[in-house]
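Participant: Letter by letter, the chains look like this.
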Amino acid sequence: MNLAERCLSRRGLVKMLGLASGGIAVSRWLGRDPVMAQEPAAGKAVESFTGPGANSHWNSVGPYVAEPQKVPLILLTDRPVQLETPRHYFRTAFTPNEAFYVRWHLEGIPNAVDLKDWKLQVEGNVEKPIALSLPELMQKFKPVSLAAVNQCSGNSRSRLQPRVPGGQWGNGAMGNAMWTGVRLRELLDMAGVKSGSLQVQFQGLETGQGPKGLGSNLFLKSLDLGNPVLDECVVAYLMNGEPLPMLNGFPVRLVVPGYFATYWMKCLTWIRVLNAPDENFWMKTGYRVPDTPRGNTTPEDVKAGKVKTAPIERFPVRSFLISPDGGSKIPAEMNILLRGIAFSGFGRVNRVEVSDDGGKSWAAAKLGEDHGTYSFRTWEMPWNAKSPGRYTLAVRATDEKNNTQPDEPVWNPGGYLWNRIERQEIVVGNAS
Amino acid sequence: MKNRAPAIFLVVCGLVMAAGVVYGDLKKGYYRPEELGSMRQAARIEHSPDSNYRVLAYPVPAVELAPGDGLQDVQIYCNTCHSPRYIPMQPPLPAATWEAEVEKMNKAFGAAIPEENTKRIILYLQAHYTAENRKQ
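For the record, the sequence lines run as chains A and B.
With the first letter of the first sequence counted as 1, position 17 gets the number 590 in this note's numbering; the numbers rise by one all the way through.
With the first letter of the second sequence counted as 1, position 68 gets the number 233 in this note's numbering; the numbers rise by one all the way through.
If you're looking for bench data, these hints aren't it; they were derived computationally from the structure.
From a predicted model like this one, the values you see are computed outputs, not experimental measurements.
Among the hints, a few may not be true.
What the hints assert, rightly or not - According to the in silico footprint, chain B covers these stretches of chain A (three or more CB under 8 Å from chain B): (1) 618-631; (2) 894-905.
As the list claims (entries may be wrong) - Cβ-to-Cβ under 8 Å is the rule here; a few derived chain A residues that face chain B: (3) Gly635; (4) Pro645; (5) Val686; (6) Gln734; (7) Pro738; (8) Gln741; (9) Gln782; (10) Leu787; (11) Leu793; (12) Met819; (13) Ala958; (14) Ser960; (15) Thr977.
Backbone N, C-alpha and C define an ideal beta-carbon position, used for all residues, glycine too.
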């Protein structure tokens, strides 16, 4: 017990926290407090779940929780940990580490790493297996830095109709960071990939309770050796110029620019060259999308066994209005600024358009600083609602490959690839 | 020059009161801490300059599940690999989807829940977490 915990104990507060062992200030208030309970605030809290309709909130509806090294984030699940980033943290191009969303697959998440023992291994079908300590990674290789968006494959899953099982994310399972580390290619070259090799597999420190050989025991992801994205991959030991939070993958994490986060292995420890295709659950069954335009299909086609699937890869173009968020009324005739972010896994965003009539007419927004192809790009647009009323703002982005966000929903059983145009109702009040 | 501002202010206040105009309003709300979303700040961990990088244990807050037959099976078997919070985190799902989810745990993830308990878990989920019957 540390000093703070002892103090809390003396005041009998540890019981209220319900988490004496961890000492984390997560409120699990036991019982009712008769002093405070004077006026129940009916309807004050957001509902505890959404569905069977689509989640109408920007974020998911879970409670806030403060996990180690994190500000209070929205709790989806606690074991394994899944936390969503609240909307307002996306005002800036770079998402703060302490607010960056968290998604683990198995309950055995490290909460301690001893760097005296830890080594990054490159093994498997290689000429010379290598094991590198963190100082070796930092000193033997030229550091590279790159801004890249990390987005969960299931981001916005709670929008799908009909709803699908899985993490019921709102829009906050994403973040952008400046990642600094070693090029994956240099590590592979150092070990020497043998001819006839097919894939490179990544394994981190997380483990589960399931039997060996199954997806409930290990989380493994692989990329084809012929995939050009390997040349852009970075093994990052810095995130926004700081060590990675443990929950985001300390000491190193794989960065796969433009690709969904499922490949961005946290606590990366084994890089394994394979001479046969990876058929583990997380490649063969999980994280697959229909082999159709936008990964779109129907429950009927899935049931009829008509849907061919492929591993999920790059994320489609998206954009968001971050502020105003609809939580406050805006006086008519006030000159305000609409602000948000846009990104695409297929290339630089070069156009963001905003509509204040629900998508009938569009005007171009001003783009913020360009931090690189795979970064969030901020946008802003002055706006003045001349008369009171309800306005439906909408925002859509286009990337350099000319992909524009569609206005049609997408559906697939995994709840992946949602990128429909976002809308936000804003209430404008009388100014006099 | 004599400062007339306080006098002007008083006159304005008087006029406003006379006219019954309200410039602002205050309504007090008494909430329980959990209704405010109130939570204590986390204490910092005490570090030493060695090679071990440690964070506090990840919290596992209590989760409220619907009372009913099968709840105990859920708490024993589902809880092995993941927190039962996975259940109320889902949207209401059709009965067939709940069955498929539990079967996925057995078949794809090797949960090996005995047949009788598997049945009870499925019935519990179908009795409390579909669109027709979900309450919390």
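Participant: Would the hint on Gly635 (chain A) stand, with a C-beta cut-off of 8 Å toward chain B?
Facilitator: 7 Å, holds
Participant: Can Pro645 (chain A) be said to touch chain B, with a Cβ gap under 8 Å?
Facilitator: 7 Å, holds
Participant: Interface hint check: Ala958 (chain A), Cβ to nearest Cβ on chain B, cutoff 8 Å. Holds or violated?
Facilitator: 24 Å, violated
Participant: Close enough to count: is the Cβ of Leu793 (chain A) nearer than 8 Å to one in chain B?
Facilitator: Leu793 (chain A) check fails; min Cβ-Cβ to chain B is 14 Å, beyond 8 Å.
Participant: Is the interface hint satisfied for Pro738 (chain A)? The criterion is a beta-carbon contact with chain B at less than 8 Å.
Facilitator: OK, holds: Pro738 (chain A) within 8 Å of chain B, min 6 Å.
Participant: At a threshold of 8 Å, is the proposed contact between Met819 (chain A) and chain B supported by beta-carbon distances?
Facilitator: Constraint on Met819 (chain A) satisfied, holds at 5 Å.
Participant: Could you check if Gln741 (chain A) really has its C-beta closer than 8 Å to a C-beta on chain B?
Facilitator: 6 Å, holds
Participant: Are 3 or more residues of the stretch 894-905 of chain A near chain B, judged by a Cβ distance of less than 8 Å?
Facilitator: Not satisfied, violated; 0 residues make the cut.
Participant: Would you say the stretch 618-631 of chain A counts as covered by chain B, given the rule of at least 3 residues with C-beta under 8 Å?
Facilitator: holds (count 7)
Participant: Is the hint on Ser960 (chain A) kept, meaning its closest Cβ partner in chain B is under 8 Å away?
Facilitator: 24 Å, violated
Participant: With chain B as the partner, please determine if Thr977 (chain A) meets the hint condition of a C-beta pair closer than 8 Å.
Facilitator: It is violated, given that the least Cβ distance between Thr977 (chain A) and chain B is near 29 Å, above 8 Å.
Participant: Does the nearest C-beta of chain B fall within a distance shorter than 8 Å of the C-beta of Gln734 (chain A)?
Facilitator: Violated: closest Cβ of chain B sits about 10 Å from Gln734 (chain A), beyond 8 Å.
Comparing the model with each earlier hint shows violations of hints 2, 6, 11, 13, 14, 15; every other hint is respected.
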